[in-house]
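Working from the sequences, and respecting the hints, build out all of it.
Residues per chain, in single letters:
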Amino acid sequence: MVETSVEAMSNATLDGKSISSEDAYEQAAKILQAANFPLVAGLGADVAGAQAAILLAERLRGAFDHLASRDSLTDLEVVRSAGIFVTTPNEARVRADLALLVGSGLTGYWPAIFERLALDKETVHGGKTKRRVIWVGPKRGEAKIEGVEVETIPATEAELPGVLAALRARVGGRPTALSAAATKKLDAAAEALKSARFGVAVWAAAGLDSLMVEMLQGMITELNGTTRFTGVPIGGRSGATGVLQTSAWMTGFPPRTGFGRGYPEHDAWRFEARRLVESGEADAALWISAYDGEPPPWEDADIPVVTLGPPGAATKRGLFIAVGKPGENYDAVEFAQETSSMVLRRAKAPAELPTVAEAIAAISARFSEDLPC
Amino acid sequence: MLIRLRGGHVVDPVNGVDGVADIYFEDGRIVAPPPGREPDEDHDVSGHIVMAGAIDIHSHIAGGNVNSARLLLPEMHRSIRARLAGTPLSTAKWSTFETGRLYAQMGFTTVVEPAVAPHHALHAHLELGDVPIIDKGALTVLGNDDFLLGALREGESETAIADYVAQTVEATGTLGLKCINPGGADAFKQNMRAFGLDEIVPFYGVTSRQIFKSLQKATQTVGIPHPLHLHMNNLGIAGNIETALATIDAAEGLPMHLAHVQFYAYGVDGKNAFSSAAPALAAKINANKNITVDVGAVMFGDTVTISSDVLRQFNSLSGAIPKKGVIFDGDANGGGVVPYAYRISNYYNAIQWAAGLELFLLIDDPLQVFFTTDHPNGGPFTTYPELFALLMSAELRARWMERLPADVLEMTTLPSINREYSLYEIALMSRAGPARLYGFADRGRLDAGSIADIAVYKQQTDKAGMFRNAAYVFKDGELVVRDGSVTRYTKGKTLRVRPGYDRAIEKRLDAYYDQLYGLSRSIFDVPEAALAGRSRYAEVACRK
Chain A
5 MVETSVEAMS
15 NATLDGKSIS
25 SEDAYEQAAK
35 ILQAANFPLV
45 AGLGADVAGA
55 QAAILLAERL
65 RGAFDHLASR
75 DSLTDLEVVR
85 SAGIFVTTPN
95 EARVRADLAL
105 LVGSGLTGYW
115 PAIFERLALD
125 KETVHGGKTK
135 RRVIWVGPKR
145 GEAKIEGVEV
155 ETIPATEAEL
165 PGVLAALRAR
175 VGGRPTALSA
185 AATKKLDAAA
195 EALKSARFGV
205 AVWAAAGLDS
215 LMVEMLQGMI
225 TELNGTTRFT
235 GVPIGGRSGA
245 TGVLQTSAWM
255 TGFPPRTGFG
265 RGYPEHDAWR
275 FEARRLVESG
285 EADAALWISA
295 YDGEPPPWED
305 ADIPVVTLGP
315 PGAATKRGLF
325 IAVGKPGENY
335 DAVEFAQETS
345 SMVLRRAKAP
355 AELPTVAEAI
365 AAISARFSED
375 LPC
Chain B
2 MLIRLRGGHV
12 VDPVNGVDGV
22 ADIYFEDGRI
32 VAPPPGREPD
42 EDHDVSGHIV
52 MAGAIDIHSH
62 IAGGNVNSAR
72 LLLPEMHRSI
82 RARLAGTPLS
92 TAKWSTFETG
102 RLYAQMGFTT
112 VVEPAVAPHH
122 ALHAHLELGD
132 VPIIDKGALT
142 VLGNDDFLLG
152 ALREGESETA
162 IADYVAQTVE
172 ATGTLGLKCI
182 NPGGADAFKQ
192 NMRAFGLDEI
202 VPFYGVTSRQ
212 IFKSLQKATQ
222 TVGIPHPLHL
232 HMNNLGIAGN
242 IETALATIDA
252 AEGLPMHLAH
262 VQFYAYGVDG
272 KNAFSSAAPA
282 LAAKINANKN
292 ITVDVGAVMF
302 GDTVTISSDV
312 LRQFNSLSGA
322 IPKKGVIFDG
332 DANGGGVVPY
342 AYRISNYYNA
352 IQWAAGLELF
362 LLIDDPLQVF
372 FTTDHPNGGP
382 FTTYPELFAL
392 LMSAELRARW
402 MERLPADVLE
412 MTTLPSINRE
422 YSLYEIALMS
432 RAGPARLYGF
442 ADRGRLDAGS
452 IADIAVYKQQ
462 TDKAGMFRNA
472 AYVFKDGELV
482 VRDGSVTRYT
492 KGKTLRVRPG
502 YDRAIEKRLD
512 AYYDQLYGLS
522 RSIFDVPEAA
532 LAGRSRYAEV
542 ACRK
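If you read the protein sequences in the order shown, they are chains A and B. Taken in order, the first sequence gives residues 5 to 377; the numbers are from my numbering. Taken in order, the second sequence gives residues 2 to 545; the numbers are from my numbering.
Simulated from the structure, these hints should not be mistaken for laboratory data. Keep in mind the model is a prediction, meaning the values are calculated, not measured. Among the clues, some could well be false.
[Claimed, not checked] Stretch by stretch, here's where chain B covers chain A in the computed footprint (C-beta under 8 Å, at least three residues):
| # | stretch |
| --- | --- |
| 1 | 258–270 |
| 2 | 333–340 |
[To be verified] In silico lysine-lysine, DSS-like type, Cα no more than 27 Å apart, as pairs:
| # | chain 1 | residue 1 | chain 2 | residue 2 |
| --- | --- | --- | --- | --- |
| 3 | B | Lys285 | A | Lys125 |
| 4 | A | Lys189 | A | Lys148 |
| 5 | B | Lys492 | B | Lys94 |
| 6 | A | Lys143 | A | Lys189 |
| 7 | B | Lys272 | B | Lys285 |
| 8 | B | Lys285 | A | Lys352 |
| 9 | B | Lys325 | A | Lys198 |
| 10 | B | Lys508 | A | Lys132 |
Here a beta-carbon is modelled for each residue, glycine too, at the ideal position from N, C-alpha and C.
Okay, here's the thing in structure tokens:
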């Protein structure tokens, strides 16, 4: 029993067996430097970790991806093809007299959502008003917020795109193919949206696809013709938004970016982590998942994998190096959903574990000299 | 290590120098010629112009809105070449790394990002920390924040507002204060679609004029060297010359900086009801020595407009090229990002281009007018060399004017202006003036004790070529550019002021955040620990 627990607590393992940190960093450096096209993926990290990881991918002329890129890119596809209206959760809290909640599972994607939006309280800015809350497509029994009378527009997951499209149509006074009763209900909602003073739509890209977000944003654009309306996006897990922002200022692009030619190229298909591994294009990977040890998405990697994760997440195969949890075991900058800004999270439970950035620095320090800076 | 630049033509207006001289520097500072010592390193720069490193007073290079623009427009910045050794990401287009490289190559060594929202200050500092080589500074945006507007509504004392201003500037780690369409962003949240100097912000009952005047006064009171940096109302609208003239009157002789004034130099003459009113604005600036301006010149090409004037950016959306944009209603100002293309064949764009040049050429004192294109709003900062060349040659301007739509030339006085800037005036405008504007005691000049930020340009007829690729650039005495190429990265500093104030305001703000947001105000802090050694602060002294 004692042995097992020591092994579980070990800071580094190779194929499940404990090794020294020194050996682990040495091995990791060898694996990554020997690769023709290494992948830096997962990227579940704080800003400093992401900075280190992106610089590492650039130096090695590999590629990088985040484990929740799918969600970031769902919103981003809309931004770069059509544009977007957004605000902060705090501005919604103090000003929004109407909240349109879109899709199910919002509290799963953001547990503190209703504490932050404070929809049970009156607005503060622009005058005191009671809020109106409309929820499109909640799960059965989900549309309950303490102290709030929630109006619902039912829609299953499969129906949601059509219902959103119909709502947008009615906001614009265009006909739909729905029954008279359904149309009447949507008309009432459309009227509420149009008479909001400062309305917000709240959605999580993890539960929608780009066409639905685009439909929603298209409706918001139309609403702004006569009143004010905007959006509160709920970002992806494991630091996705902070990594997206960091990636943007460092490379100009979001994750799913490669450096094979010595400069960044972004391609959401080409540099997707799972595809790169399963197709054999990447011949080594550094998997980073410091928040919760989420495993990689690929099946049967036939390539050497170095994993950085919390102590409990040691892998049975490959090289594992334990790192601290950002903002928990060490002070870390990350994107805060509640403020929609970068913040410093102070460690609540400091631990003797390297940060993601420190682990990457330790690996990089062991590259042989024929790898130029 | 003692370094000498030998035999160059030194242009250093702060010290009245305009002739051949040697420059010595050691340990990052310029030194007097040390008697009896031979330099350890000697550069023959005869045939070259030697100036202090240039200072850009207003360029949107970092922060959430700039980053939104990057994400909005991947098609605008595809990279095309690999970088040199030792300069990671320096060819990643529009990255913070490329920004540092490109500025350094032009001989710029200090750049100010002028629009940091208090709640997003940490983000801006993280980006600035990833801009290599150059020193950076920033301005904090107030004027659409509930705390200030509420204080004005309640008729609070000037002292309370001064304390709030000083505290916010200190907490956000910047060089001073900017005010962007005062009250306009809040009014837009309340569904106003236009906002003028004397319009009232609903719910607060205060006018734009009251807002910026209170901030202007507070900036002076707390001793921040840089006067209030004002982005006026009605940007980009035909006839907005009236707003600009009235705003200058409203300053009542107190120091104030007006940002990118080209965008306010529009009359309503001609069949398009859009004309250059630059002569009237220039005359007003000449008559009001308390006013400084930067031009925000338009240069033709594809660009993107990035502004915390959300109201204005919303109104621009319909003219976006390509047709998309980001409208962010922030906790206070927020921001809007709208791509645009300035075309030489477009009447309106050509008027804008001409108005910018008229302002440069009709404002008499180069210490009152500064270089900017309001990067990237009028054009990217990489067009500065072309702009320098246009100011230095009436003949070059005439050649450009031949390509403008004919009716444009009737709506601008540009064809009649023969003034040509000398190198001395260019140095005044891009070195001496900016240092004075921000209270930098040891920048923008080349006398003993100054920071050894030095740009050396090879003299040539092609002035744009000369300024595009500096022959040598030294940053803090270290050679960072040779023949227009960055040879290595150094780590720049972030410049900030620390104005004094009554700490009682902090308690009040703590309570305000608790009550309004149910959040600790400290969540918006910018602790140096958060910058993890990527940014080092250097302090600029406040006036006593």
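Hint-by-hint comparison with the structure:
1. Under the rule that three or more residues need a Cβ within less than 8 Å of chain B, the assignment of the stretch 258–270 of chain A holds, with 7 such residues.
2. Under the rule that three or more residues need a Cβ within less than 8 Å of chain B, the assignment of the stretch 333–340 of chain A holds, with 3 such residues.
3. Of the supplied pair hints, the one linking B/Lys285 and A/Lys125 is violated, its CA atoms being roughly 50 Å apart against a limit of 27 Å.
4. Between A/Lys189 and A/Lys148 the alpha-carbon distance is near 20 Å, which keeps this suggested pair within the 27 Å criterion.
5. For the hint linking B/Lys492 to B/Lys94, the alpha-carbon distance of about 20 Å falls within 27 Å, and the restraint holds.
6. Distance hint between A/Lys143 and A/Lys189 is fulfilled; the C-alpha atoms sit about 18 Å from each other, no more than 27 Å.
7. Taking the CA atoms of B/Lys272 and B/Lys285, the gap is near 26 Å; set against the 27 Å cutoff, the hint holds.
8. Taking the CA atoms of B/Lys285 and A/Lys352, the gap is about 58 Å. The hint is violated against a cut of 27 Å.
9. For the suggested pair B/Lys325 and A/Lys198, the alpha carbons sit about 23 Å apart, so the restraint of at most 27 Å is met.
10. Between B/Lys508 and A/Lys132, the direct Cα distance comes to roughly 25 Å. Compliance with the 27 Å bound is thereby established for this hinted pair.
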